[in-house]
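In the order they appear, the protein sequences are chains A and B. Heads up: the first sequence is residues 1 to 467, going by my numbering. Heads up: the second sequence is residues 1001 to 1467, going by my numbering.
Rather than coming from a laboratory, the hints here were simulated on the basis of the structure. Do not rely on the hints blindly, as some may be mistaken.
Under the rule of at most 30 Å between Cα atoms (straight-line distance), these lysine-lysine pairs were calculated in the DSBU-like manner [claimed, not checked]:
id, chain 1, residue 1, chain 2, residue 2
1, B, Lys1335, A, Lys38
2, A, Lys356, A, Lys410
3, A, Lys356, A, Lys335
4, A, Lys38, B, Lys1300
5, B, Lys1164, A, Lys38
6, A, Lys38, A, Lys48
7, A, Lys160, B, Lys1038
8, B, Lys1160, A, Lys38
9, A, Lys48, B, Lys1038
10, B, Lys1221, A, Lys48
11, B, Lys1356, B, Lys1410
12, B, Lys1221, A, Lys126
13, A, Lys164, B, Lys1038
14, B, Lys1335, B, Lys1300
There are 2 protein chains.
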Amino acid sequence: MAQKGTIICAPATSGGGAIALIRLSGPGTIETLAGIFKPVDDQIDIIKANGYSLIYGTISSQDEFIDEVLVSLFRAPHSYTGEEMAEISCHASPFIQRRIIEILIERGVQTASPGEFTMRAFMNGKMDLSQAEAVADIIASDSAAAHRLASTQLRGGFSKEIEKLRMELLSFASLIELELDFSEEDVKFADRFALTETVIKIKSLVDRLAASFRLGNAIKKGMPVVIAGRPNVGKSSLLNLLLQEERAIVSDIPGTTRDTVEEVLHVGGLLFRFIDTAGLRDAGDRIEEMGIERTHGRLKEAEVVLAVAEATDRAEDIAGFARSLAELSGDSGAKIILVINKSDLAGSGEITRLKKELPRLCDLPAVFISAVTTSGMDELRMVLTAAVETGRLDAPQYIVTNARHYEALKNVSESLQRVLDGFRDGIPTVLIATDVRQAVYYLGVITGKITPEDILGEIFSHFCIGK
Amino acid sequence: MAQKGTIICAPATSGGGAIALIRLSGPGTIETLAGIFKPVDDQIDIIKANGYSLIYGTISSQDEFIDEVLVSLFRAPHSYTGEEMAEISCHASPFIQRRIIEILIERGVQTASPGEFTMRAFMNGKMDLSQAEAVADIIASDSAAAHRLASTQLRGGFSKEIEKLRMELLSFASLIELELDFSEEDVKFADRFALTETVIKIKSLVDRLAASFRLGNAIKKGMPVVIAGRPNVGKSSLLNLLLQEERAIVSDIPGTTRDTVEEVLHVGGLLFRFIDTAGLRDAGDRIEEMGIERTHGRLKEAEVVLAVAEATDRAEDIAGFARSLAELSGDSGAKIILVINKSDLAGSGEITRLKKELPRLCDLPAVFISAVTTSGMDELRMVLTAAVETGRLDAPQYIVTNARHYEALKNVSESLQRVLDGFRDGIPTVLIATDVRQAVYYLGVITGKITPEDILGEIFSHFCIGK
């Protein structure tokens, strides 16, 4: 990281494309730029130009013409970082980008570390830490759901929720501290019952936020879905069908196609991560014998399990298979969906019978599909996204997607639990006050009200260059 | 290609990075943008905003928040395409880029084909065809020399040179046509000797431009350098030394590293393409025997041949080896440089003797290096770039880098040759006039004064999207 007060620069776009952006930030940026940039309209003086102006001109170093560019100027504090800033929009030639950065460095500008622009924005109070982290998330977001979570966080909704909790705890803390000031007199200002109630309320909110991390993380990284079923039941055809249809949607725009992870795909605005279940070869009642560690683990990770069977199977066998999967996935809370394939092969009598018998045997959604005629695929997609949406009903208004926030929330919850235990066991107020202060501290860590320097460095190093 | 009068859009940056640019062009662009973009400062009305203004705000579709963006507005004709334009600078998330383009398409905007923005700029008279082609070259330029050629062409220098020749030929043509109008009277207005002189002058300029294509193409694609020498003479060490030192310079900036073509590197602002000479195993007088077709071809392509020998070799052998190489490369005009390696192993007496004897035996530059101590590497780099610079002295002020221009110049030269032959053989003026008109036509093809529609489509399809 460069020192405060220095000018930093970095390319904000990656290689390729037609246009590249080079960003500059720091006091004196525009004066430095004036040394290499000449507006085509010689009436314009960029030193005097207003913020938010856009100027066309050429970049040169002495006699060496480098490029025709568009320059955007920003005056402090009305910029992303809150500092004086400029953006150079040049041709995306590797040579041109390199040369522009070289001649900036010759003039004393320093190259920015990853995330350094956003870190300056945080340092200058343009955003809190949770919002700053959302910037990295929004850039990485590749599904509607991940984007929704990141943009809610970016716009400060999550921070406000945390700040509200923190203020409640702070006023609670001040009551407790007041008691301490008068401790010799053994006065209890605060009604212990009312206090307990407040702590329980806050703790339950914190716990629900922490619990949402599993879902938030799944949304960010892709909802894990295990496809299970005996061989030849149509697991691969099912995946291929889903893949083929979705592939067409993500074409054309650069950066949307994922390299080789064929099992990741978007369904209804959510990213799903389909998991190989080669280990789940055996179906029906033989599944218990397998008990393979790996399969256990995969089922425990799953948000959804697609239990694939055939329309010609007996209802009892299908229900038995589903029960085995439910046992194996334990208390992971994975939603199991019965996918009855090859509905084109079964007679309409068989299907009617299955539709009648299955609900009696197990309380799970069942979708009848045919990988051949592709019937039932729309319904499957609906049920699949609904399974996750239903999961979301238990979640609070805001969903935690960041491991750092999750850790902080867990710490808050533990501190509050100690407060509750303390009340119950009649622990001295001075010890309770320490736990309350800790809870307040950890909530502050999320929004960056309290943040050790080294944590900041760690957070911003995960950003991309130029942001 | 979209129809004239429509609005086109495309991402102008490629995947990755922190920021992405989406470009729009066409009448009604700003009104369309107003339907999805809301300035943060609600005093601002983008419909009324000036060109070259920069506005911060949010992009949404109905209730769906998509991103916080910076929008640049341009009013016709003061824009790249000459049309009303806008650029949206958003976060580089694949999802956000996809959504913004989707909602633009919903509002009737069409996605742009590669090069369509530049084609519109050409159609609207913002640049001629040779300048438009230089845009693609400047984006692709990855060395100082390629960048210099492309930027000279972009700024219209080359077009002016061609246009000057075309005007000279046009006035010449009008003289000839005048004779035709009075042909019954058998009047010769133009002095045949003066005319012949003019044609010879123009033809020699055209020929020099055409001849510069070999160099221009080499600069654009990398100067071909063959490294030849018997095994263990230090060919690989030499290449590695060059590679290692240059690698450090091209680090850091995205897009500058070439994937696996290890043999391409920059030396002194020029791109060199080092060519594998596995076929050239045998050295000295045995080289004639080899006569391998492939090796012949490679030597004929070369701009430079590095003939690597050892400081302990006899001067006669080194000179013989160089002569064989010269014969093999034929009249390709490749410059041969003697590289005497392992100067650390030879005694100072041997080196002094070689330095004295070699110039007597062959008139070639000789550089003494040591791949171990790296001595002589700076000198080699200088001699290597100088070999190409010397080649450039024969070239005209402008260097042709484009195969289409080269073809056109060849056609001009042939037409002019027919004019000269016609004068000599006393061919009727009407036939000579046809050849002159052809020469004028082909010069016009370069700058796009005369261009069939299908050639345009072909030219712009080689561009990247968003330009």
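Are lysine 356 (chain A) and lysine 335 (chain A) close enough, with their CA atoms no more than 30 Å apart? 21 Å, holds
Is it true that the CA of lysine 1356 (chain B) sits at most 30 Å from the CA of lysine 1410 (chain B)? 45 Å, violated
Between lysine 356 (chain A) and lysine 410 (chain A), does the CA-CA distance stay at or below 30 Å? 45 Å, violated
Starting from lysine 160 (chain A), check that the Cα of lysine 1038 (chain B) is at most 30 Å away, please. 23 Å, holds
Lysine 38 (chain A) and lysine 48 (chain A) were given as a pair; does the straight-line alpha-carbon distance stay at or below 30 Å? At roughly 13 Å apart (the allowed maximum being 30 Å), lysine 48 (chain A) and lysine 38 (chain A) satisfy the hint.
Would the hint linking lysine 1335 (chain B) and lysine 38 (chain A) be met if the CA-CA limit is 30 Å? Answer violated: lysine 1335 (chain B) to lysine 38 (chain A) is near 41 Å, above 30 Å.
Agreement of lysine 1221 (chain B) and lysine 126 (chain A) with the hint, judged by alpha carbon distance not exceeding 30 Å: Violated - the C-alpha atoms of lysine 126 (chain A) and lysine 1221 (chain B) are around 46 Å apart, more than 30 Å.
Lysine 1335 (chain B) paired with lysine 1300 (chain B) [C-alpha distance capped at 30 Å]: 11 Å, holds
Tell me if the straight-line CA distance from lysine 38 (chain A) to lysine 1300 (chain B) falls inside 30 Å. Cα-Cα ~45 Å, so violated.
Tell me if the straight-line CA distance from lysine 1160 (chain B) to lysine 38 (chain A) falls inside 30 Å. Judged against 30 Å, a Cα distance of about 23 Å means the pair holds.
Pair hint outcome, lysine 1164 (chain B) versus lysine 38 (chain A) [Cα-Cα no greater than 30 Å]: This hinted pair holds, its Cα atoms lying about 29 Å apart.
Pair hint outcome, lysine 1221 (chain B) versus lysine 48 (chain A) [Cα-Cα no greater than 30 Å]: Judged against 30 Å, a Cα distance of about 43 Å means the pair is violated.
Checked against the numbered hints given earlier, this structure breaks hints 1, 2, 4, 10, 11 and 12; the rest are met.
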